[in-house]
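Trainee: Take a look at the letters that make up each chain.
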Amino acid sequence: MNNFETLIPTLGVITDVRIDTPDIKTFRVVTPDGKKAFDHRPGQCAMLSIPGVGEAMFSITSSPTNEEYMEFSIKKCGCVTDWLHQAEVGQQITIRGPYGRPFPVDDVFAGHNMLFIAGGVGLAPLRSVINYCRHYRDRYGDIDIVYGSRSKDDLLDYQEIIEEWSKDAGVNVHLTIDNAQEGWDGHVGFVPHYVKELNFDTNKIAVLCGPPIMIKFTLDGLVELGFDKKNVYTTLELRMKCGVGKCGRCNVGAKYVCKDGPVFRCDEIDELPSEY
Amino acid sequence: MRKCKAEKLNDIFALIAQDMTLYLPVDTEGGAAFTKWNENVKYSESLNTVRSPKDFFFPQTENLMAFKTEGKNIEIIDTRSETEDFAVFGVRACDTKSFDVLDRVFLSDPVDSYYANRREHGVIISVACTRPSETCFCTAFDIDATSPQGDISVWKTETDVYFEANTEKGAALMEKLSALTEDCDNTAVESAKESTKAILSRLPLKDLKLSAFGGGKTMELFENEAWDELSQSCLGCGTCTFVCPTCQCYDIKDFNTGNSVVRFRCWDSCMYSDFTKMAHGNNRLTQKERFRQRFMHKLVYYPENNDGLFSCVGCGRCLAKCPISMNIVKVIKKIGGKTNE
Amino acid sequence: MQKITREQLIDKASKLLSNGTVSCVLGWKLGDFDYDVTPAVFNTVEELNEGFVFNDFCGANFSKYLVAKTGKVDGKILVFLKPCDTYSFNQLLTEHRFDREKVYAVGIPCEGMADIAKVKAICGEGVLAIGTDGEKMTVATLYSDEPALIDAKDVLAERCENCKSKKHVAYDELLGEEGDVIESNRFDEVAKLEAMSADERFAFWQNELSRCIRCNACRDACPACTCEKCVFDNPTSGVENKSPANSFEEKLFHIIRAYHVAGRCTDCGECSRVCPQNIPLHLLNRKFIKDMNEFYGEYQAGAEVGMRAPLVDYTTEDLEPGEVFDRRDTDA
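Chains as they are written, first to last, in my numbering: chain A, 1 to 276; chain B, 1 to 341; chain C, 1 to 332.
Careful, some of the hints might be misleading.
[What the hints assert, rightly or not] Covered stretches of chain A (chain B as the covering partner; in silico rule of three or more C-beta atoms under 8 Å from a C-beta of chain B):
hint: 1; region: 6-18
hint: 2; region: 51-61
hint: 3; region: 76-82
hint: 4; region: 88-100
hint: 5; region: 235-242
hint: 6; region: 263-275
[Unchecked claim] Listed next, with one range per pair, are the computed distances between beta-carbon atoms:
hint: 7; chain 1: C; residue 1: 118; chain 2: B; residue 2: 10; range: 26 to 32 Å
hint: 8; chain 1: B; residue 1: 229; chain 2: C; residue 2: 324; range: 47 to 53 Å
hint: 9; chain 1: A; residue 1: 68; chain 2: B; residue 2: 107; range: 32 to 38 Å
hint: 10; chain 1: B; residue 1: 337; chain 2: C; residue 2: 173; range: 35 to 41 Å
hint: 11; chain 1: C; residue 1: 324; chain 2: B; residue 2: 107; range: 55 to 61 Å
Keep in mind the hints are simulated off the structure, nothing from the lab. Cβ coordinates follow ideal geometry from the N, Cα and C atoms, glycine included.
Assemble the whole structure, with the sequences as input and the hints as a guide.
Mentor: Listed below in structure tokens is the structure:
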């Protein structure tokens, strides 16, 4: 019998839980002997589960350049995530992966100016690629990051953004929140509007991640600014069970989000039926 | 080619069953069903079983693994074990072809070890059709009902049973049956094939054309307005999916037995309302979208990913079993349009 | 076998469409074979002439379709109802599942519908054409030069063999002659089950239900199963529609369903008609009906709109639970 079976997970241990926003926590996961469960590429995902509760796919938030652990920023919105949100440090979970097509960081992105645009928990998958680009800073041109959320409290990784990202040379961070609030002197407004206001030069590769409505309007805005959809990447999210293109539920047309995605070029998405 | 007298068939079954579990179609209250052979069961001559033989490799429910939890700790238990050898006698040409369709899903990288294990240990003994039904349309998929593939092909005439091994596995089993069979030429088989072919050429669905379908047709067919009419009475049940030999979508669920958690896999259906339901949304909210998914998958998406092979073998089970008599043939005719007129 | 013809129904439907009484017609559409009939909505006279059919295979009960369809159309829907369908129609109205004002119901007589499985059991596979000639049916197959001539009554669907009523209990207009409620033998099969020992009965259902593939066709076709969200579709219920985790669960599904429709099931027989595994599911429901008749007096769900079913209606004459318990003892 073939010994390897992708559906059988390995053990993971939660070694740190960070409360990011009122409904997002970031979990640090290693194997019981303190190692990374597996190597991954930016944009790839992993199946996390709690036996008896369920299994669900999450994007790996940490960069592959982190040799010590993996991190997952998870928004509370269903059975598995509810359970994870009440888990404590030391809790074991199961993990399997990595799954999916990553961002083409080493070929297509290399040598280019990068524009990352995220909304809400959409920063989770982008954090992996942003930190990868920051790690190999000399391989990429200027990096612009536009990130927005409902309020200041809902901005994910705020400390890291302020204390690390915005201090890097050649990295410009543009934060925005939906409504003005006390203690916020930054930009106020929705991400798609802000992107248009910032009036980016099109000499960049853009990567979008966020709620479908944000992606739609931001993409329209980028196209108006003159961006070619071939230079705009995004991620899709659909219900998954197997993670390897067999269980049959995450397809959009002939493409399976779990294995042909989650990363898609926007011109590739135009070739798919609008069923996502 | 080897042969034996028709009345010796039960001896053949007994000899096969010495070494492995043998399954064959038997008539039941619910129609023909693959059943474990023993001296008292009678081989059904019916054209097809109600449930397809996909169960042998992709059972309706199977346990994948187990977990024990204690406090914050989890123990993962690999419950897999080597399958015992088994043989399935009486698989028709269409169903035999369905294994090819399933193989491309489960044996492609990463290999599904549960399926692969059963596939390695199963011997398929397929039997040529002699009395196809009006619901048969395997010809549309270039399947020759008179020359079924499989590890061993079998032809039955009134007086004799003919065997031909197609694979090493089949040859090994034929070797074991050598005492009960004798060498022969293929004259009788060829003549049996000819008479079946004459019937095949008179089947009402023989002219079904698939030229409108295949890889690359997604955008052209997705918005076809006929989906509304075709799906308007669909009950959203899973009958077509579950009797289909090539439908292979599955769900993975956990079951708490009290002292451990068993993670099992079971058949699922894209016709079900919660198939794509996530905590924060569902990308197929209407039965039309779900109905379209099933047929687009079989006729466009699957061929696009699998060298043009359709994920339908024309067995006709959905024609016979759909509660509202809606089926893939109607979809092919309606959407395929002029090519079928 | 049917006394009313396709042409009569098309004629009626065309008139009602043309004079604006209805905006569409819920009817049966012919497919590739004479027994291959699909419920469909017809919007024009042309569509009716092209595809509308009425023959011995028009078994589908349209009542449940009204729940979904009435919400979607402007104007009224014309629905043709066989006598047994009218009971489901009334029961759904009792439960406020569709707007009566959106429906124009035409009652049509029914001589009993045929079961293609029974036709094939007699004539074999390869059925090319089925014709009717009074009490006889002609069946042409791939394997005989001459069509077989069979008695229509030999291929009646089980539920029609045990037809409980030729009388329509709801309609706006009636075509053909009205019939009567029939003294049927429909409880005979239940009596046989009751005569079994508990072990025999358990073995009977074990065997029958072991074939269940959880396709949910019985539930989805059942006019009494109209919950907007079924517990078996609820992912958090732990019993959602998939395959059973163990052999107990498939029984759980059918038994829960039988309990849920008890008192509301009109015994239309759709559950058994659509079961791909030929499980006699209607016997579960019929057992409840028989019990209710015996415990609380004769009751036919759907006989009138607005009736209170025995299980949700308290009277001082109601059977004491203890009596039911005693009966269970003597049963076993």
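Trainee: Does each hint hold? Answer for all of them.
Mentor: Results of checking the hints against the structure:
For the region 6-18 of chain A, the proposed coverage by chain B is satisfied: 6 residues have a C-beta within less than 8 Å of a C-beta in that chain, meeting the threshold of three. Figure legend: the region 51-61 of chain A, annotated as covered by chain B; annotation consistent (5 residues with Cβ-Cβ distances under 8 Å, at least 3 required). Requiring three or more residues with a Cβ within less than 8 Å of a Cβ of chain B, the coverage given for the region 76-82 of chain A holds, as 4 such residues are present. Remark: the region 88-100 of chain A is confirmed as covered by chain B, as 6 of its residues place a Cβ nearer than 8 Å to a Cβ of that chain, reaching the required three.
Look at the region 235-242 of chain A against chain B: 5 of its residues bring a Cβ nearer than 8 Å to a Cβ of that chain, three or more, so the hint holds. For the region 263-275 of chain A, the stated coverage by chain B is satisfied: 4 residues place a CB nearer than 8 Å to a CB of that chain, which reaches the threshold of 3. Our hint of 26 to 32 Å for residue 118/C and residue 10/B holds, since their Cβ atoms are close to 30 Å apart. For the hinted restraint 47 to 53 Å between residue 229/B and residue 324/C, the CB-CB distance of approximately 50 Å keeps it satisfied.
Restraint check, residue 68/A to residue 107/B: a C-beta distance of roughly 37 Å satisfies the suggested window 32 to 38 Å. In this structure, residue 337/B and residue 173/C meet the distance hint of 35 to 41 Å, their C-beta atoms being roughly 38 Å apart. A beta carbon spacing of about 56 Å between residue 324/C and residue 107/B agrees with the range 55 to 61 Å that was offered as a hint.
Comparing the model with each earlier hint shows no violations; every hint is respected.
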